[in-house]
Amino acid sequence: MSLTENDLSSFLRDDLGVTDAVDGNTELFSSGLLDSVSMVNLIGFIEDKASVNIRPGDVTLENFDSISRIVDYVRSLG
Amino acid sequence: MTADFDRNMWELLSDNLPVRAGKTALVDKGRSVTYAELAAEAGAVADWLTARGIAPGDRVIVHLRKGISEVVAMFGAWKMGAVVVNVNVRWTAVQLAYVARDCRARAVILEKGATGALVGDNTLSLDTAFLLDGRAEDLPSGADAWRALPTSADTPAAAADPSSLAMIIYTSGSTGLPKGVMLSHRNIRVGAISVAEYLELAEDDRLLSVLPYSFDAGLNQLTTMMLTGGTVVHQPLTMPAEIVRMAQDQAVTGIAGVPPLWNQIVPLLMETPTELPALRRITNTGGKIPPNILDALPIVFPNAEIFLMYGLTEAFRSTYLPPERFAAKKGSIGQAIPNAQVFVVRHGVGIAQPGEQGELVHSGPLVSMGYWEQPEITAAKIRPCPELADVIGDAPVVWSGDLVRVDEDGDLWFVSRMDEMIKTLGFRLSPTEVEDLISQSGLVTDVVAYGVEDPEIGEAVHTAVTLLPGSDEAALTSYCAKVMPHYMRPRHVHAWQGTMPRTASGKLDRPAIISAAKAAASEMAAYSTADKGS
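Heads up: the protein sequence lines correspond to chains H and R, in order.
The numbering of the first sequence is this note's numbering, which starts it at 1 and goes up by one.
The numbering of the second sequence is this note's numbering, which starts it at 1 and goes up by one.
If you are wondering where the hints come from, they were derived from the structure by calculation, not from laboratory data.
Using N, Cα and C, we set each Cβ at its ideal position, and we do this for glycine too.
Please note: incorrect hints may appear among the correct ones.
Stated by the list, open to error - From the structure, some residues in chain H lie toward chain R, with a derived Cβ separation under 8 Å: (1) SER10; (2) PHE11; (3) THR26; (4) ASP35; (5) GLY44; (6) ILE54; (7) PRO56; (8) GLY57; (9) VAL74.
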């Protein structure tokens, strides 16, 4: 039911094919590392893994632009 | 605004300098430039190209994320008379290398992080000049750092002939390798003049640019603003919430989108209504918006005029539906834009009459110069139309390959790509018709319908869908049984896992989706045969 930074970095590497080094604070979208198709896949992964429902209005840079922001956001959903 | 067709791309920018040098031309998230600053930065790039031995007419690849730098690079190339080849940053290293070789690019301007794209198997010829945007240290040998360029020496611009080649737009066709569509300075300028006229764009407009500049409609936003002296606001992110926020923060007056973008933005705005008081108009191109999203557009954008448009890269832009007809003709692509001649032709018969269908053909000053170094494909796609001999003589037309219907007012309705029509049970069925009905089910986000050869009924209707949470194939099948005549009902529903692939301009990549869904279906058929045998 929980989502860790490790889960996300493995998903980026193994499923989204990100080859650059990514740490918790690497900018994912504003840097251009991920595109809109990756975004949808990432959301699907998070919803499954953390059993949460992500509202479209929550998909912002504040919540999604780095692995640590995503973990914080998912935690805030309780 | 000048309606002079015979000005080149550099002049499209520089004509603004005597009248609005200090006005903001372009806005990125972190910075903006005036017309004078844009021209000066482009001048520095032009000087670099010249210093590296690039000559007028040489091809220069621009491979940068949407932003001021991308526009600077394009106008830098145009200033010294080179031909711009803008390759979308979403294209792979293999595609980029293919395009660079095909057009024999002499220079490539790209982000520093993207140079991996051009080593190893994808290495370009040794005399290619590279200009890298980004950190200036650790550059590959032979490459120059954009940040280290001297300021523009105010070199006079090359006087490019307006009828000469300005840009090559590579399109990834449904079959084969990408082909380069050649646009002249005049093609692009007439496109700007025509679209600015019917959208009534003016100096106080601020257009939100989400669509890529490697796509005709995206490029057209930039060129209309340069023509009218307006401002372009760049949004490289495609997160719907970020697009809406940028539109609000920057008080944009226009948003241009393609159907998959509206499919994301409209549900967001339904859930979280957002006031966009500055917004005057929204425009769609690149395909039909599903009916449920179309119905919601006037609700979520109550103060905006809605323009539905249609264009072919080979003829830049072709038709539009005036916003006052939107409510009555929701989904129509309307009629020819100013300066374009658009006809609907029944092969071997003549011009289609109201109520009839035929192929859309386009003639006039927007017709492109054809495909780069592909004279045979050019001759097949752009040639005179015997059915129009009495009207336009032997002037070349672009054969769109799109089947459209003409209504009683002469407005056009997209029916299907001609090669995608499904022939089933003696009916000729448009996949769009199936897709529209399935979109309205509320069970799916994306749907693609296609025909699969069937010995008994000609072709069977198959669909690939992305199901919404909580719905399944059985629910969709029973919905189809309720709303569709028997010949239209899908014989097979392929539940697509994850997101359907998109083209670089954001449209659904139909050929890729169809071939993957067909492969999955035949694999399943093979398993079930094997089961029976065991």
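**Ascending list of hint numbers which this structure does not respect** = 1, 2, 3, 6, 9
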